[in-house]
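Asks: Sequence:
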Amino acid sequence: MAYEISDFQKEVIEHSFKLPVLVDFWAEWCGPCRMLAPTLERLAEKHKGKWALAKVNTDVHQHVAEQYSISSIPAVKLFVGGDVVDEFVGALPESQIELWLKKAIPSKNRGQVKAAAQLFEKGKMAEAQKILEPILKEEPDNTEATVVLAQTVLYTNPKKAQEIVRNIEADSEFYQQAESIREFGRLFEIAEDIDTLPNGIGKKDYVAAINSLKKHDFDSALQKFVEVIRNDRYYDDDGARKACIAIFKYLGETHDITMKHRKIFNRALY
1 MAYEISDFQK EVIEHSFKLP VLVDFWAEWC GPCRMLAPTL ERLAEKHKGK WALAKVNTDV
61 HQHVAEQYSI SSIPAVKLFV GGDVVDEFVG ALPESQIELW LKKAIPSKNR GQVKAAAQLF
121 EKGKMAEAQK ILEPILKEEP DNTEATVVLA QTVLYTNPKK AQEIVRNIEA DSEFYQQAES
181 IREFGRLFEI AEDIDTLPNG IGKKDYVAAI NSLKKHDFDS ALQKFVEVIR NDRYYDDDGA
241 RKACIAIFKY LGETHDITMK HRKIFNRALY
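Using the UniProt record's numbering, you'd call the opening residue of the sequence shown number 1 and step up by one each time.
These aren't lab readings, by the way, just hints derived from the structure by calculation. There's no promise every hint is true.
[Stated by the list, open to error] No farther apart than 30 Å at their CA atoms in a straight line, the calculated lysine-lysine pairs in the DSSO-like style are these: (1) LYS215 / LYS130; (2) LYS18 / LYS103; (3) LYS130 / LYS55; (4) LYS159 / LYS103.
[Claimed, not checked] Listed next, with one range per pair, are the computed distances between beta-carbon atoms: (5) TYR175 / SER72: 29 to 35 Å; (6) GLY49 / GLU4: 16 to 22 Å; (7) ALA191 / GLU14: 51 to 57 Å; (8) ARG34 / PRO140: 33 to 39 Å; (9) ARG42 / ILE264: 51 to 57 Å; (10) LYS137 / GLY49: 14 to 20 Å.
Here the structure is a predicted model, which means the values were calculated and not measured. We treat Cβ as the ideally placed atom computed from N, Cα and C, and that holds for glycine.
Given these sequences and hints, build the entire structure.
Replies: Now the structure itself:
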């Protein structure tokens, strides 16, 4: 049978270091497996060069099925670099598998995107943009590259940053980062016209927090936003809470400043 493997180590594990390998665990007696097979083969031809399909008969390769804890078939696992990075069970419709593949298959440019992210963290915005812009011309749906590019322009052109992440929705793994960019952009727009803010006891600290944020002084911004939460909890439609969460997502949960302020933030809320 086409795509049927004879040597799992060579045809799946070793090959997955060169190209992602989609493994279909199946058996002759399995009706849903026979339904799924032509769909996967059709997709493999459609996406040839992006990933490879390998079929593993669980009756023939019982040791492999045991190794990967196959208890129900059809079971589909995606191997990259020798490891399973994503999977699903059952005969899903083709449209649903296409959506799954879109999220699961890693970009061939992932190394370059990581390099651009490192340049961004070092403040080398122009260099990061030179890497990211051609990638996004080739892969407009690369949400990781999209978020990093938006971050590189966030402080110089917040409207452009917001526009770049406009189509990143809640089903994306980068949604939280996109939300932080949108929230930063909103705050930076407020800074241009503070008269649009409502009056209230929290206004002074809120404006000061935004100004600290504009200066990349995240420590001071968080301190002031937390003061607003304590003194005027729902000022600007709960804006201080949203701002704190945006900063945490922007910096990352393991960043020193995030870790310093997380507990203080939580106590202020509750």
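Asks: Each hint needs a verdict: does it hold in this structure or not?
Replies: Do the hints match the structure? See the list:
A threshold of 30 Å between alpha carbons decides the hint, and for LYS215 with LYS130 the separation of about 25 Å falls inside it, so the pair holds. Between LYS18 and LYS103 the alpha-carbon distance is near 19 Å, which keeps this suggested pair within the 30 Å criterion. As the CA atoms of LYS130 and LYS55 are separated by approximately 40 Å, the hinted pair breaks the 30 Å bound. Of the pairs offered as hints, the one joining LYS159 and LYS103 holds, with about 27 Å between alpha carbons and a cut-off of 30 Å not exceeded.
Distance hint for TYR175 and SER72: a CB-CB separation of about 30 Å, consistent with the stated range 29 to 35 Å. Here the CB-CB span from GLY49 to GLU4 is close to 20 Å, well matched to the stated 16 to 22 Å. Between ALA191 and GLU14 the beta carbon distance is about 54 Å. The supplied range of 51 to 57 Å therefore holds. The hint said 33 to 39 Å for the Cβ distance between ARG34 and PRO140, and at roughly 36 Å that hint holds.
For ARG42 and ILE264, the hinted distance range of 51 to 57 Å is satisfied, since their beta carbons lie about 54 Å from each other. Checked against the hint of 14 to 20 Å, the C-beta distance between LYS137 and GLY49 comes to roughly 19 Å, which is consistent with it.
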